[in-house]
Structures are given as structure tokens and as C-alpha cells.
Amino acid sequence: MAQVTVSIDGKQYRMACDEGQEEHLIGLAERFDRYVLHLKESFGEIGDQRLTVMAGIMVMDELSELQKRLKGMESEIVTLRKTRDDALNKADKNDAALTGALGTLAGRMEMLAATLNTRKEEV
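In case it helps, our numbering puts the sequence shown at residues 1 to 123.
Derived from the structure by calculation, the hints contain no laboratory data. Quick caveat, the model's predicted, so the values are computed rather than measured. From the three backbone atoms N, C-alpha and C, an ideal C-beta is built for every residue, glycine too. Do not rely on the hints blindly, as some may be mistaken.
Derived DSSO-like pairs (lysine-lysine); straight-line CA-CA distance at most 30 Å [unchecked claim]:
1) Lys-68 x Lys-82
2) Lys-71 x Lys-90
3) Lys-82 x Lys-71
FRET-style restraints, in silico, Cβ to Cβ [said to hold, decoys possible]:
4) Leu-37 x Lys-90: 54 to 64 Å
5) Thr-83 x His-38: 36 to 46 Å
6) Leu-37 x Thr-83: 27 to 37 Å
7) Phe-43 x Lys-71: 40 to 50 Å
8) Asp-85 x Met-58: 34 to 44 Å
9) Thr-52 x Arg-84: 23 to 33 Å
10) Ala-106 x Arg-69: 30 to 40 Å
11) Ala-101 x Asp-61: 26 to 36 Å
12) Ala-106 x Gln-67: 52 to 62 Å
13) Glu-122 x Thr-83: 14 to 24 Å
14) Asp-85 x Tyr-13: 29 to 39 Å
15) Leu-70 x Lys-93: 28 to 38 Å
16) Asp-85 x Met-111: 55 to 65 Å
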């Protein structure tokens with residue numbers, strides 16, 4: 001386990017994390033500290049515990065909004081995949097119909113050519 005020291009509202013906290021996660025934890029702490037500082041600037045000195053709770057609630061609100069957006073995007077992806085699959089199925093059917101029509105046309109052209117060759121030989 002690695003250990004890092006982070007600063008929240010000017011206070012140092014020693015924290016443990018997985019090896020290689022030190023920079024990530026420091027970055028998270030810096031982001032959280034910005035929430036606390038923003039609240040401190042807005043409301044003044046209202047107590048460390050209250051500032052921390054308010055900052056935590058702000059973070060959870062942001063997380064909640066992001067989760068809603070993610071669910072909406074996941075739903076949109078499902079719809080887009082279905083639309084894509086439907087379009088691919090339709091294209092496959094169109095290709096099959098076109099191939100069949102071309103095969104029929106080629107057969108008719110061969111029959112016509114054979115008929116013309118037979119008439120030519122008769123003349």
C-alpha cells in the first residue's frame with residue numbers, strides 16, 4: 001500500500017492507496033478541496049465539518065446528474081444500435097432482392113441471346 005499526503009482546506013491528511021494510484025488520489029483531493037474553498041468563499045467560516053458535508057453533497061449532486069446523463073446516453077446507444085441493425089437487415093434484404101433480380105435478368109438475357117443465335121442460324 002502506498003501512502004500520500006493530501007491537503008483539504010489547508011489541513012494535511014495522510015491517506016493510503018493502491019500502488020500506482022497516488023497521483024489519482026492527489027487529483028481527487030485537489031478537486032474536493034476546490035469544492036470546499038468555493039463554499040468557504042461563498043459562506044465564510046461556517047465550520048470545517050459543515051463545509052465538508054456541503055462539499056460532499058455538491059459532489060454527490062454532480063455525480064447524480066452525471067449518472068442520469070449516462071443512463072440517457074446508454075438508452076440512446078441501445079436505440080442507435082437497434083436502428084443500425086434494422087438498417088443492416090434491410091440492406092441485406094435489398095441486396096438479396098437485387099441479386100435475385102440480376103440473376104433473373106441474366107437468365108432472360110441468356111435465353112434471348114440463345115433465341116437470337118438460333119434465328120440467326122436459321123436465316
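>> Can you tell me whether the CB distance of Asp-85 to Met-58 sits inside 34 to 44 Å?
In response: 41 Å, holds
> Taking the CB of Leu-37 and the CB of Thr-83, does the distance hold inside 27 to 37 Å?
Replying inline: With Cβ atoms ~46 Å apart, the hint is violated.
>> Given the hint of 55 to 65 Å, is the C-beta distance from Asp-85 to Met-111 inside that range or not?
In response: At roughly 39 Å between Cβ atoms, Met-111 and Asp-85 fall outside 55 to 65 Å, so the hint is violated.
>> Given the hint of 23 to 33 Å, is the C-beta distance from Thr-52 to Arg-84 inside that range or not?
In response: The hinted range 23 to 33 Å is violated for Thr-52 and Arg-84, with Cβ atoms some 47 Å apart.
>> Within 14 to 24 Å: is that where the Cβ-Cβ distance between Glu-122 and Thr-83 falls?
In response: 58 Å, violated
>> The hint says 54 to 64 Å between Leu-37 and Lys-90; measuring C-beta to C-beta, is that right?
In response: For Lys-90 against Leu-37, whose Cβ atoms are near 56 Å apart, the range 54 to 64 Å holds.
>> Tell me if the straight-line CA distance from Lys-82 to Lys-71 falls inside 30 Å.
In response: 17 Å, holds
> When you take the CB atoms of Phe-43 and Lys-71, is the distance between them in 40 to 50 Å?
Replying inline: 32 Å, violated
> Using the C-beta atoms of Ala-106 and Arg-69, is the stated range 30 to 40 Å upheld?
Replying inline: Since the Cβ atoms of Ala-106 and Arg-69 sit about 54 Å apart, the hinted range of 30 to 40 Å is violated.
>> What's the verdict on Lys-71 and Lys-90, does the C-alpha distance respect the 30 Å limit or exceed it?
In response: 29 Å, holds
> Is the gap between the beta carbons of Asp-85 and Tyr-13 within 29 to 39 Å?
Replying inline: Between Asp-85 and Tyr-13, where Cβ atoms are some 51 Å apart, the hint is violated.
> Per the hint of 52 to 62 Å, is the separation of the Cβ atoms of Ala-106 and Gln-67 within bounds?
Replying inline: The hint (52 to 62 Å, Cβ to Cβ) holds, given that Ala-106 and Gln-67 are roughly 58 Å apart.
Of the numbered hints given earlier, the model fails hints 6, 7, 9, 10, 11, 13, 14 and 16; all others are met.
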